[in-house]
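Q: This is what each chain is made of:
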Amino acid sequence: MSATEIGLALSVFLACAVEAVEALTIVLAVGATRGWRSALWGAGTAAAILAAAVAALGPAIASLPLGLLRTVIGGLLLVFGLQWLRKAVLRAGGVKARHDELEIFREARAAARATAAQPRAGLDRYAFTVAFQGVLLEGLEVVFIVITFGANQHRVALASAVAGVAVLLVAAVGFAVRAPLARVPENAMKFAVGVMLSSFGMFWGAEGAGASWPAGEAALLAIVPGVLLMALVLSWGVRRAALSA
Amino acid sequence: MSRARVVLAGAWELVVGEDWRAAVGVVLALSLTALLADAGIAAWWVMPLAVAGLLSLSVWRTARAAARPRE
Numbered sequence: 001m002s003a004t005e006i007g008l009a010l011s012v013f014l015a016c017a018v019e020a021v022e023a024l025t026i027v028l029a030v031g032a033t034r035g036w037r038s039a040l041w042g043a044g045t046a047a048a049i050l051a052a053a054v055a056a057l058g059p060a061i062a063s064l065p066l067g068l069l070r071t072v073i074g075g076l077l078l079v080f081g082l083q084w085l086r087k088a089v090l091r092a093g094g095v096k097a098r099h100d101e102l103e104i105f106r107e108a109r110a111a112a113r114a115t116a117a118q119p120r121a122g123l124d125r126y127a128f129t130v131a132f133q134g135v136l137l138e139g140l141e142v143v144f145i146v147i148t149f150g151a152n153q154h155r156v157a158l159a160s161a162v163a164g165v166a167v168l169l170v171a172a173v174g175f176a177v178r179a180p181l182a183r184v185p186e187n188a189m190k191f192a193v194g195v196m197l198s199s200f201g202m203f204w205g206a207e208g209a210g211a212s213w214p215a216g217e218a219a220l221l222a223i224v225p226g227v228l229l230m231a232l233v234l235s236w237g238v239r240r241a242a243l244s245a
Numbered sequence: 246m247s248r249a250r251v252v253l254a255g256a257w258e259l260v261v262g263e264d265w266r267a268a269v270g271v272v273l274a275l276s277l278t279a280l281l282a283d284a285g286i287a288a289w290w291v292m293p294l295a296v297a298g299l300l301s302l303s304v305w306r307t308a309r310a311a312a313r314p315r316e
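Residue numbers (the working numbering), protein chains in the order written: chain A, 1 to 245; chain B, 246 to 316.
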């Protein structure tokens with residue numbers, strides 16, 4: 001396995017796992033409150049749409065010329081990664097609220113209890129819709145990562161398989177414990193994903209634009225730690241500034 | 246809002262998010278990289294510098310806005 005393939009697998013797995021944890025919280029909250037059948041139908045329908053999007057878009061994007069693919073997809077990945085990394089730095093610096101799955105679970109359960117039953121075609125419309133939206137919205141980011149990472153290396157199948165493993169793992173653990181996975185280090189995982197997306201986006205974007213990295217792919221061994229160090233220093237600076245304000 | 250505009254707004258929100266300046270900065274940095282590479286000048290250093298600058302600016306802008314007292 002090359003450095004970029006390891007990076008692909010790691011980034012997709014972490015991103016998918018963290019988004020799956022968030023989606024699981026919503027599905028568990030509506031499922032436990034309003035009934036599992038409708039919640040699971042909603043979650044399953046959204047998952048099928050996301051899988052169809054990857055199956056349709058992945059090969060189509062991967063068939064573009066490599067230079068164009070790396071510049072455009074690398075650029076998009078970098079913009080997307082910078083957004084993740086900015087939020088992660090702000091969370092680590094104490095400026096942005098950290099994800100609290102237990103709190104989100106309590107809020108979603110309270111909202112589900114407060115809404116009247118909405119039977120339709122044998123399903124509870126509220127539970128179906130909330131679970132559907134939860135999985136679809138969290139899953140869209142995963143689809144973006146799977147397609148961009150996968151297409152850039154012509155490994156959409158590998159990226160999809162890794163994403164599937166992460167979802168199955170989170171779903172299995174979540175349904176075994178029947179509680180939100182609040183002990184998963186979600187914020188640290190988001191920080192790591194932000195670093196990986198920004199690093200690979202930068203690497204592919206520059207390559208696509210015609211630049212040659214010193215040492216080729218091995219440059220990633222300097223880029224990833226460099227981006228991580230910069231993000232940690234920024235987090236420290238933000239925290240210091242917030243404390244002294 | 247038409248369905249196409251909703252989809253475009255959703256795609257923008259998904260990829261770019263709150264800080265459009267970072268997206269513009271990435272496009273400019275990639276363009277500069279392409280120009281330098283086309284002229285036969287080493288251009289690999291442009292993106293690391295751009296990312297360091299763009300991320301720092303984006304973080305400080307948001308942190309400063311969050312620290313500002315609301316009127």
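By construction, these hints were calculated from the structure, which means they are not laboratory data.
C-beta: ideal position from N, C-alpha, C; glycine also.
There's no promise every hint is true.
To be verified - Between beta-carbon pairs, the in silico distance windows are:
no.: 1; chain 1: A; residue 1: Ile6; chain 2: B; residue 2: Leu294; range: 24 to 32 Å
no.: 2; chain 1: B; residue 1: Arg248; chain 2: A; residue 2: Glu217; range: 38 to 46 Å
no.: 3; chain 1: B; residue 1: Arg313; chain 2: A; residue 2: Asp100; range: 20 to 28 Å
Stated by the list, open to error - Quick partial rundown of chain B residues pointing at chain A, CB under 10 Å, derived from the structure:
no.: 4; residue: Ala249
no.: 5; residue: Leu253
no.: 6; residue: Val272
no.: 7; residue: Ala279
no.: 8; residue: Trp290
Q: Each hint should be assessed against the structure and marked as holding or not.
A: Quick rundown of the hints versus the structure:
1. At about 26 Å, the CB distance of Ile6(A) to Leu294(B) agrees with the hint of 24 to 32 Å.
2. Taking 38 to 46 Å as the suggested C-beta distance range, the pair Arg248(B) and Glu217(A) conforms, at roughly 42 Å.
3. Against the hinted window of 20 to 28 Å, the Cβ-Cβ separation of Arg313(B) and Asp100(A) comes to about 25 Å, which satisfies the hint.
4. The criterion of a C-beta within 10 Å of any C-beta in chain A is not met by Ala249(B), whose closest approach is roughly 17 Å, and the hint is violated.
5. Violation of the interface hint for Leu253(B) is found here, the shortest Cβ-Cβ separation to chain A being roughly 14 Å, above the 10 Å cut-off.
6. Taking 10 Å as the C-beta contact cut-off toward chain A, the hint placing Val272(B) at the interface holds, the least distance being around 7 Å.
7. At about 4 Å, the closest approach between the beta carbon of Ala279(B) and any beta carbon in chain A falls short of 10 Å, and the interface hint on this residue holds.
8. Here the hint on Trp290(B) is kept, as its CB sits about 9 Å from the closest CB of chain A, short of 10 Å.
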